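Q: Here is what each chain is made of, one letter per residue.
2 protein chains.
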Amino acid sequence: MNAQNLFENIKRKKSFLCVGLDTDIKKIPQHLLETEDPMFEFNRIVVDNTQEYTVAYKPNLAFYECMGVQGWVSLQKTVDYIRTNYPDQFIIADAKRGDIGNTSQMYAKAFFEKMNFDAVTVAPYMGEDSVSPFLGYKDKWVILLALTSNKGAEDFQYFKNPEGEMLFEKVLRNSQKWADHNSMMYVVGATKAEKLAEIRKIVPNHFLLVPGVGAQGGSLQEVAEFGMTSTCGLLVNSSRAIIYVDTTPDFASHVKKAAMEVRDEMEILLKKKNLM
Amino acid sequence: MNAQNLFENIKRKKSFLCVGLDTDIKKIPQHLLETEDPMFEFNRIVVDNTQEYTVAYKPNLAFYECMGVQGWVSLQKTVDYIRTNYPDQFIIADAKRGDIGNTSQMYAKAFFEKMNFDAVTVAPYMGEDSVSPFLGYKDKWVILLALTSNKGAEDFQYFKNPEGEMLFEKVLRNSQKWADHNSMMYVVGATKAEKLAEIRKIVPNHFLLVPGVGAQGGSLQEVAEFGMTSTCGLLVNSSRAIIYVDTTPDFASHVKKAAMEVRDEMEILLKKKNLM
Chain S
10 MNAQNLFENI KRKKSFLCVG LDTDIKKIPQ HLLETEDPMF EFNRIVVDNT QEYTVAYKPN
70 LAFYECMGVQ GWVSLQKTVD YIRTNYPDQF IIADAKRGDI GNTSQMYAKA FFEKMNFDAV
130 TVAPYMGEDS VSPFLGYKDK WVILLALTSN KGAEDFQYFK NPEGEMLFEK VLRNSQKWAD
190 HNSMMYVVGA TKAEKLAEIR KIVPNHFLLV PGVGAQGGSL QEVAEFGMTS TCGLLVNSSR
250 AIIYVDTTPD FASHVKKAAM EVRDEMEILL KKKNLM
Chain E
10 MNAQNLFENI KRKKSFLCVG LDTDIKKIPQ HLLETEDPMF EFNRIVVDNT QEYTVAYKPN
70 LAFYECMGVQ GWVSLQKTVD YIRTNYPDQF IIADAKRGDI GNTSQMYAKA FFEKMNFDAV
130 TVAPYMGEDS VSPFLGYKDK WVILLALTSN KGAEDFQYFK NPEGEMLFEK VLRNSQKWAD
190 HNSMMYVVGA TKAEKLAEIR KIVPNHFLLV PGVGAQGGSL QEVAEFGMTS TCGLLVNSSR
250 AIIYVDTTPD FASHVKKAAM EVRDEMEILL KKKNLM
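Heads up: the protein sequence lines correspond to chains S and E, in order. Quick note: the first sequence uses the numbering used here, first residue 10, plus one each step. Quick note: the second sequence uses the numbering used here, first residue 10, plus one each step.
Everything labelled a hint here was simulated from the structure, so no lab data went into it. None of the values given here were measured: they were computed from a predicted structure. One or more hints might be untrue.
Heads up, the list lumps identical chains together, so a pair's fine if it works in one copy or across two of them.
Unchecked claim - Below, a list of computed lysine to any residue pairs in the SDA-like style, where the Cα atoms sit at most 25 Å apart:
| hint | residue 1 | residue 2 |
| --- | --- | --- |
| 1 | LYS118 | VAL82 |
| 2 | LYS35 | GLY145 |
| 3 | LYS281 | ASN14 |
| 4 | LYS118 | LYS186 |
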């Protein structure tokens, strides 16, 4: 999927919502624990009930890895299920990988060949040759960490050089030389919505993956105001506020409603920018 | 295992060698492909033939993840095999993880609870709250990326503030407030051996995990000269130069010899520093 395809999906769905599949065995509705593969079963129901209102899904790898081999099985089944039943969905491995070249090549193989993800989140600390192996796949994407939404973002991402350029700005500037807006996106934390205007000066065209709307406290209106481009340029992620909105046996209808409400808000924001 | 235990093992084994299990199905001896689990079988033979000369093993997660579910099975079996048969070995998950707090907590659970690793490599980009969840386990370790051995290290790790402090130096300074030398080590690339003296001024006591000796071109003598402390303070990793030294059916004896030769060199270096 390239940037134009993604924008077409956004217009058709009236949504730039990404649902984060941070599937925690301790938080899912307890009646699902009786099923053969509770994590997959939960994901299947969440996907079936939200796909109408979303353009992307983002399994968070940590939640699967902590279940060992069985978690990896559930993850693979989830990706296959989405790919087969909802082929227009953009599937992101939220994996925060990044290593020396030959190792990043293996991670790329894991996420783009062994599992059929569209994109993988990558940490920039090790530089270009740790990122570029992920860029050798047609229609596959790197989503590079720039400014994250956690408190620790302040520890190093705001580190400033004598010219006043901050590390996250340097990451944004340098990495644009590595790939264009059809294969690179950036993670920009929504708790820093006021930063989005500055960030848009550095990356006017690239899609931004914005986590942290919802449980992490960001405002969707502000994100759209400061971050939206003429081709939307935003994927806004919500995890806990949608997938754990209810934990009764009737959770599916509540999950659906939560996703629909976000979509409705997004539709207004897209119209406001004359993108629909 | 704490730092003192590790030093005792180093003295007893006369070695500060860590063998990297970057197990690539395309590079292992071809006769192993007929076995039920070739990656595990390769690792088992490598471990059996090197354990006498090593104090640590470092499976590189990418090489297992790219094999999907089966890779995860091989990894789990490898960790269990080492833990059961050679309980004094320090086992490092070379995973380069790091995410917001609740997600890092899940990664910590994956590597320290679900699998019984002693340590995990962590990327510092997201700051303290992305690292601290790994620090809540007694006798378990974070090995934080500081200065890596790849070319891309220059892209951001040398980013300098107005006082001339570089990012990797800031990472070393700040992170020492998060944990002491019994639960934190640092990755410092051996291709920058001349940097080790400067790094030792910042972190005089912590263990350093030094990759890049061998295939990546570092010199063991220089690493010891500039990096060794009164409690050794070094784990030097070698992967390809040992595990792929031979690919015939008789590879085990060559792997053993390669590890022994590194150990012999390390013994001389430990004696030179009067640590034995």
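Q: As a check of your reading, is LYS118 near VAL82 (CA-CA no more than 25 Å) within one copy, between copies, both or neither?
A: both (17 Å within a copy, 18 Å between copies)
Q: From the Cα coordinates, with 25 Å as the cut-off, is the pair LYS281 and ASN14 best called within, between, both, or neither?
A: Result: close within a single copy only, 21 Å intra versus 63 Å inter.
Q: When no copy is named, should LYS118 and LYS186 be tagged within, between, both, or neither for a Cα gap of at most 25 Å?
A: within (23 Å within a copy, 37 Å between copies)
Q: For the identical chains here, do LYS35 and GLY145 meet the 25 Å Cα criterion within one copy, between copies, both, or neither?
A: Intra 38 Å, inter 20 Å, cutoff 25 Å: inter-copy only.
Comparing the model with each numbered hint stated earlier shows that all of them hold.
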